[in-house]
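Chemist: These are the residues of each chain, in order.
2 protein chains.
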Amino acid sequence: MYSLLGAVFFWWVEREYEQELIKQEKLFLDHLRNDTISRLKRLLLKSIFYRKILLWYESQLIKLKMTKGLEWDMWGALFYVGTILTTIGYGNIAPRTSGGRALSIVYAIFGIPLVLAILSEFGRMFTTFVSNQRIAETRKRQKLWDKRRRNYVRTIPIWLALFICIGWICICAGLFCLWETHWSYFTSLYFFFISLSTIGLGDVVPDHPHMLILMFWLVIIGLSIVSMLISVIQIKFEEWLYHLMIRMQVSFL
Amino acid sequence: MYSLLGAVFFWWVEREYEQELIKQEKLFLDHLRNDTISRLKRLLLKSIFYRKILLWYESQLIKLKMTKGLEWDMWGALFYVGTILTTIGYGNIAPRTSGGRALSIVYAIFGIPLVLAILSEFGRMFTTFVSNQRIAETRKRQKLWDKRRRNYVRTIPIWLALFICIGWICICAGLFCLWETHWSYFTSLYFFFISLSTIGLGDVVPDHPHMLILMFWLVIIGLSIVSMLISVIQIKFEEWLYHLMIRMQVSFL
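From first to last, the protein sequence lines are chains A and B.
In my numbering, each number is its position in the first sequence, counted from 1, plus 232.
In my numbering, each number is its position in the second sequence, counted from 1, plus 232.
Rather than coming from a laboratory, the hints here were simulated on the basis of the structure.
Mixed in with the good hints there might be a few duds.
Because identical chains cannot be distinguished in the list, a pair is counted as satisfied if it fits within a single copy or across any two copies.
Result set (SDA-like, lysine to any residue): computed pairs, CA atoms no more than 25 Å apart in a straight line [unchecked claim]:
(1) K468 x F361
(2) K468 x F342
(3) K468 x L351
(4) K255 x S291
(5) K468 x I341
(6) K255 x I350
(7) K468 x V338
(8) K255 x V436
(9) K468 x A349
(10) K372 x H414
(11) K468 x G343
(12) K468 x Y339
(13) K258 x W288
(14) K468 x W244
(15) K255 x E290
(16) K468 x I344
(17) K255 x V338
(18) K468 x V482
(19) K468 x T370
(20) K468 x S352
(21) K258 x S291
(22) K255 x W391
(23) K468 x I350
(24) K372 x V482
Next up, chain A with everything else stripped away, as it sits in the complex (with noise of 0.2 Å):
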């Protein structure tokens, strides 16, 4: 919900701006290439001066040209919006507007605390999920450890997490190389770790803006299994550490 809010929003400030920009560019363009035939014809016979010339309009093109991106459409919003509360910000899609930067940062602060805490909430629920699972497989297997194995609800193993979480991304990666089809698995497996960790450079991105809102729920759902597996490792380290302590406290008396 609060995204869709977010979405419209941006979608409304930029838009605009942008479709004068494209306007603006076309005609500048249009100049430029009456001037450049002008200057041709100019010097019809002088035939090394061509070079020069193109070399100009190189230079002027390269200072002209927009950065290319995705267009400012509802998708485009949408995704703007998946990239700045997750934090990944791949920078394919920026606001352009003094308008549309201050609402992103107005809409940063409050909506990135939201989203680590329900995806903290969404690894708790994993977490359970699969604890749950483990316990009931146990409990087929062996029945009578049945008591025992009732105090260890709620916390899975790190190999169990970590391989979750590598399985994850495997899959999505897998996924990607079938519907993005010039991308090697090597480059979708790369294009999914960026986005976990969140540093998103996004010098690699999928095509599409469709693909890109459905691609969003997987990295959320692979955001929900990342913080899994740091609350596990965060527990186990502590319980570790605990340990070490009450094993050094036996050793002093």
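Starting from the known structure of chain A, fit chain B onto it as the hints suggest.
Modeler: Below, chain B without anything else, positioned relative to chain A:
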């Protein structure tokens, strides 16, 4: 140390490939120019076709051009390592070779937890420092309450942490406003906010790589302040929850 080591690695992996890419681009551009000139010569008299040729030339140029960004020299590599470790990921410099990408993944897996630990340690040190300052000041003003104040060590009020955080952003934005002459104060503020929230869109980035290294220190200090702010809020929230539970217990009894 770890970041320096990483910078050297990345520089070594990416440097050669970039040089080759630049050479290739130059070659292709030369070819493109000659091609265009010969086409122009052939059509010397039919000036209507000039426009068409230019259009073709433009489309070829777009395909060819590398994305602009930092070069992979030592400074660039150091900057890249910084963007990865802090999970900001501006994306104005990114690996192009598979080797570089694989190295990024491995490097990030070990580096990010390390940096997070360091940042939280910085945040704790900062909290201790600020609370000590406050205690010293309070002691000066009122010597009577000395003993009561002692219990309050290791925590500072939220408003102070918030004030320090906002103050830091404003000061840094002001500094960058002076350094980067073509930035407005708002742009500078926007850039700092996007960096400190680790979103890192990369649409606004300082030009000089030397300045980027200096900037990183400011960002790292800012990140530890943010980490302090979060921990302070967390402590207050837990305290509040604890008081709430006690009050509920009292009302039930």
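Chemist: Now tell me, hint by hint, if it's right for this structure.
Modeler: Hint check results:
| no. | hint | result |
| --- | --- | --- |
| 1 | K468 x F361 | within (19 Å within a copy, 30 Å between copies) |
| 2 | K468 x F342 | between (32 Å within a copy, 18 Å between copies) |
| 3 | K468 x L351 | both (20 Å within a copy, 21 Å between copies) |
| 4 | K255 x S291 | both (21 Å within a copy, 18 Å between copies) |
| 5 | K468 x I341 | between (32 Å within a copy, 19 Å between copies) |
| 6 | K255 x I350 | neither (41 Å within a copy, 49 Å between copies) |
| 7 | K468 x V338 | between (37 Å within a copy, 23 Å between copies) |
| 8 | K255 x V436 | between (28 Å within a copy, 23 Å between copies) |
| 9 | K468 x A349 | both (22 Å within a copy, 16 Å between copies) |
| 10 | K372 x H414 | neither (46 Å within a copy, 69 Å between copies) |
| 11 | K468 x G343 | between (30 Å within a copy, 20 Å between copies) |
| 12 | K468 x Y339 | between (35 Å within a copy, 24 Å between copies) |
| 13 | K258 x W288 | both (19 Å within a copy, 16 Å between copies) |
| 14 | K468 x W244 | neither (47 Å within a copy, 38 Å between copies) |
| 15 | K255 x E290 | both (20 Å within a copy, 18 Å between copies) |
| 16 | K468 x I344 | between (27 Å within a copy, 19 Å between copies) |
| 17 | K255 x V338 | neither (30 Å within a copy, 45 Å between copies) |
| 18 | K468 x V482 | within (21 Å within a copy, 35 Å between copies) |
| 19 | K468 x T370 | within (21 Å within a copy, 41 Å between copies) |
| 20 | K468 x S352 | both (17 Å within a copy, 19 Å between copies) |
| 21 | K258 x S291 | both (17 Å within a copy, 14 Å between copies) |
| 22 | K255 x W391 | neither (56 Å within a copy, 47 Å between copies) |
| 23 | K468 x I350 | both (23 Å within a copy, 20 Å between copies) |
| 24 | K372 x V482 | neither (38 Å within a copy, 44 Å between copies) |
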